[in-house]
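In case you want the letters, here they are:
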Amino acid sequence: MALYNSNRGGIIQIIIGSVFLMIIGQLVSLQLVSNKYKLAADNNAIFRKIIYPDRGIIYDRKKKALLENSISYDLVVIPNEAKGVDTAALCAILKIEKEEFNKRMIDVIVKNSRVKVGIFEPFLSPELYAQLTENLYRFPGFSLSERSIRTYPFNTAAHVLGYVAEVDVTFLKKYEEEGYEMGDYAGMTGLEKQYENVLMGQRGVNRFLRDNKGKIQGAFEQGQFDTVAVAGRNLYTSMDVEVQQLAEKLLQHKIGSAVVINPKTGGVIAMASSPGYNPNLLTGNQRRKTIGRLLTDTARPIYNRAIKGQYPPGSTFKPLGALIALDQGLITPSYGYNCYGSFNTCGDPRKCTHANAGHAANLQIALANSCNSYFLQVFRMAIDNPKYHNAKLGYLKWKEYINSFGLGRKLGIDLPSENKANIPDTAQYNKDFGNPKLWNSCYMLTLGIGQDRMTATPLQLANSMAIIANEGYYYTPHFVDSIEDEDEDDKILLSKFRTKQAVTKISSTAYAAIKEGMHDVTVYGTAKGLTVPGHEFCAKTGTAQNPHGENHSIFVCFAPKDNPKVAVAVIVENAGYGATWAGPISTLLMEKYLNDTLTNESRQKSEELANKDLMPSSIKEWYERNRNERMNEVEEYKNDELGDVWNMEMVADYKPVPKKVLPDTIRKDADTSKKNKGPKEPNKNKVSKDSAAIIQKKKKKNPKPKNVSITKSK
Amino acid sequence: MSPLPNQNSFSKGTDLAVIILYFAMVAIGILCIFMVEYNPNSNWSSSLIAGKNSYSKQIYFAIFCSFIGIFILLMDSKVFTALANILYAGGIVLMLATFVLGKNINGSKSWIPIAGGFNLQPAELCKIFTALVLAKFISKPETDFSKLKSHLIAAAMISLPAILSIMQHEMGLALVYSTFIFAMYREGLPPIILIIVFTFSLLVVATLLVEPSLLAIILTAIAGIVILTMIKRFKRNKSKILLILGIWAICFGTVRYAVPYIFNNVFECYQSTRIYSMVGKEYDCSQNKKSNATSGKKRTRKPDDYNVKQSKIAIGSGGFTGRGFLKGTQTRGKYVPEQNTDFIFTSLGEAFGFVGTATFMGLYLFFLFRLIRIAERQRSTFSRVYAYSVVGIFFFHIAVNIGMTIGLFPVVGIPLPLISYGGSSLLTFTVLVFVLLRLDADRQMVLR
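Chains as they are written, first to last, in this note's numbering: chain A, 1 to 714; chain B, 1 to 448.
These are computed hints drawn from the structure, not numbers from a lab. We put the beta carbon where it would ideally sit given N, CA and C, even for glycine. Treat the hints with care, as some may be off.
Said to hold, decoys possible - Below, a list of computed lysine to any residue pairs in the SDA-like style, where the Cα atoms sit at most 25 Å apart: (1) Lys215(A) to Ser145(A); (2) Lys500(A) to Asp562(A); (3) Lys334(B) to Phe225(A); (4) Lys36(A) to Gly403(B); (5) Lys334(B) to Ser145(A); (6) Lys215(A) to Trp44(B); (7) Lys289(A) to Ser145(A); (8) Lys334(B) to Asp42(A); (9) Lys309(B) to Asn43(A); (10) Lys147(B) to Ala40(A); (11) Lys334(B) to Lys289(A); (12) Lys327(B) to Phe142(A); (13) Lys309(B) to Ala40(A).
Claimed, not checked - Quick list of simulated restraints, FRET-style, between CB atoms: (14) Asn104(B) to Gly179(A): 49 to 57 Å; (15) Gln202(A) to Trp44(B): 34 to 42 Å; (16) Ala17(B) to Gly218(A): 38 to 46 Å; (17) Asn41(B) to Leu136(A): 39 to 47 Å; (18) Asn41(B) to Cys91(A): 54 to 62 Å; (19) Thr321(B) to Cys91(A): 52 to 60 Å; (20) Ser417(A) to Thr321(B): 31 to 39 Å; (21) Lys83(A) to Pro113(B): 16 to 24 Å; (22) Phe200(B) to Gly25(A): 22 to 30 Å; (23) Phe200(B) to Glu176(A): 50 to 58 Å.
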């Protein structure tokens, strides 16, 4: 017996013990130190299936659905299972080449890996769907997947409703915390974007256990971690689909915009921007074809002029200017001005359309006749108000009033990317004219008749009418009156639309005087030919000079005169007199809303107006020139999938350089399009800079400003 | 050392602790296999009776093995000494027979089909026979185990089945035979052998991890430093310089030639790849002689680190307390290949976490120490050598199997003793344990 070796048993024990210690050490590091294995196991085995709820529906005030959901089918594929596919047959059905088939397959693998479902061909047409269902057995790994898409039964209100589209990388980055994933759809513009959280509902997640081959084994933990999809909630808007359709119809073949507001609630009844587009063209497989064309169109059909177009308000500003002077006690309603056809106080005479004596004998008459001299005088009085010592302080006070009327600031409508337009700052004038002590009311005289650098959006103009109609208050313009199953958050969201916004404490006598004057406009004044059957109404015409060509035809109004129920602003770009084009459009809209129908005579008038082509000639030429080129471009876009890269916001931010001959809201490339096809990098130059340059040029010539030439006004 | 209380003549002198541990292990094993095979969609109790699932089969194996165990306990312990040589010879013959009769299972032709759909792996049984024959040889009175000649004879006995295993492409089984070094060491094998084995493994690892030229420089530097520091002693005894230079040359040769030779000529391509992937390197199979010989038929395999990666994920995802019985997603999703045999440990680690694995390791450690204690209380050398052989075999299986599931050892296909699914393996370990228990019951006897 080898007893002398008995200590070796101990050594063997030590060896065994130390190996076991090593194993325990590794177990500690695997099981206790890092949790990456837990995550890896979950990634392996837990398959999250996202259940998309139906998006909420948007209704008009009569509960008609402005948009609906319908089912579309995608052809999807799991690359790993796509073995033994009859490629030739599939290519024949889809009308693609073999190379295209391979390219798409690779795309799917790159995007979604081999084992996950990827979209091979989205939005199948009904014929394709039928063909594929019959032949699907020949294409293992391929299947048809449902998806919900928007349809627009009335083909209307594209700008307001906005559209939904697949989220892209930039979107995902921007809304990182909202939990979107590649392949999700989200509202990109309009109400779809503004109320995304309401409309989207809550996505459900079902967790499944899958095995090493990717096969689903059953629910994970009996589904106790699953969340249920909650359908998106509906929006009930103040829109009236018939008024909206009428507005769009009346504006066709024209460039311009119309806004109809209910002054009692601030609810927007209709908002049209022309040229527009059929919203159905931006859903499903139409989208790819359409988006490129819409983006390159020089008339910018995607641009919502109602909230983004900046127009000089022209004479439609006059009631507001008068209100300021009345409130400051500078004039009374009986104040008169002797106008003999021009305003001569500030050097160069400013023309007025009327020269007969007494056409500005008092405020009411001056408004009815839209006397330029009268309101230039009123403006001078406000700026040079002795109460404020100098023109700068006087101007600041005046600007404060203007801003309180909702001009030069965002109103806060429930649409994304509203423009605040422009009420110039004193800083801008200091820059132009040097020391504030050196300038006075004469320098920016035409502000008093809504020209100079003053601009406003159609929405702001309509809202200013609501203020006059309500005699001093308004509700923030909005579309959504209520949300289905409103909760506390929704109430907070909508509360700002339900709060009365007081303007200033201008006396009701002042408002009454303005209303009388605006009523006289329709009786014997500049809009005397226009009627709203069964209602007396108040209005103001505007014929705004602009650096882009023909005057803009502008019309603002509200009705009925007593207890107003509707306020309207209409702008037709480069069309001429306010009463000729914008006027009848406005009255027809009011008639439609107030009477719910049009008289035969009105209907005939509406047809005439709708068919009247007022497109600026430059646009027409552009269309002519680009007809053929554009056909090619559409193809290019389709192939490049540029439609997905470009989004509407980029278009919205596009700032064109105005050309003398082009309307405001038209692209620069209209006349240079021969060379520049396709969307170019948006030009950063702003409109105002251009006009500032004009002013500065003038200043160099004359130490005394003789700025913007003759102002026609009616 | 007092024997445990004995209840009756049958279990007289039998070590109850080992028996309890044995059955506990087998029970845990069945539980683990059940976790792997469990399918919530099918009724497990009916399939248990039908005997179609691995766990129900394992239960039948366990019952069968219990009878074998009882049978062994009823045997005369002299049988083992008497039959050791014959059994060993028979085992070798069976192994040779596999080259003719062998059935290809999982790429290794080491199974002999026997009646009833069962297959026998002679290499498994040869472990027992080798343990017996080694014990028999060392315990012979004429054997002086302090002599080199005896060492060589013992080494030859061990090497024969090991070489046959390599020829059957069963690298794992072949490596098991190296564990007889424990028993030999206990009986007088010079410690230098252990040191050489250890140094050699160290060099192999170093070859894998370090750039060959850098390693050569390091080795030369070590030799240089040793010679410089001991320069005075060498003046008196110049042969020591030669010794050190000789060691240096052997080390250098190992690194430069022996290790690459082993990887390219001894190991299969996939084995070399696995070992290289352990240290995060890629092995170039075009250098491998064996793969060149059979390069015609390429077997499609998942990436080599797939098994280990999934196995580590499974064990790691268990965390401290585990995901719960039957709740492991890795196990349910069948992410770990070979999970009811070689990677059975993963189901335990995933379901019961660190608490489970540490307890389990504690159980195994207790079991091994208990066997060593039994070994040390034997009067007869035969029993002691046999006991240490059993300890070595168990230890090697446990360390290598668990080591490979947690990424400490390259993947070699050897089962976890008493836990892994498989009748052959369970039978082998049962026989190993119960023969030891039988010998231990007769520990007062001196067996030759």
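Violated constraints from the hint list, given by number and in increasing order = Going through the list in order, the structure violates hints 5, 10, 11, 12, 17, 18, 20 and 21 and respects the others.
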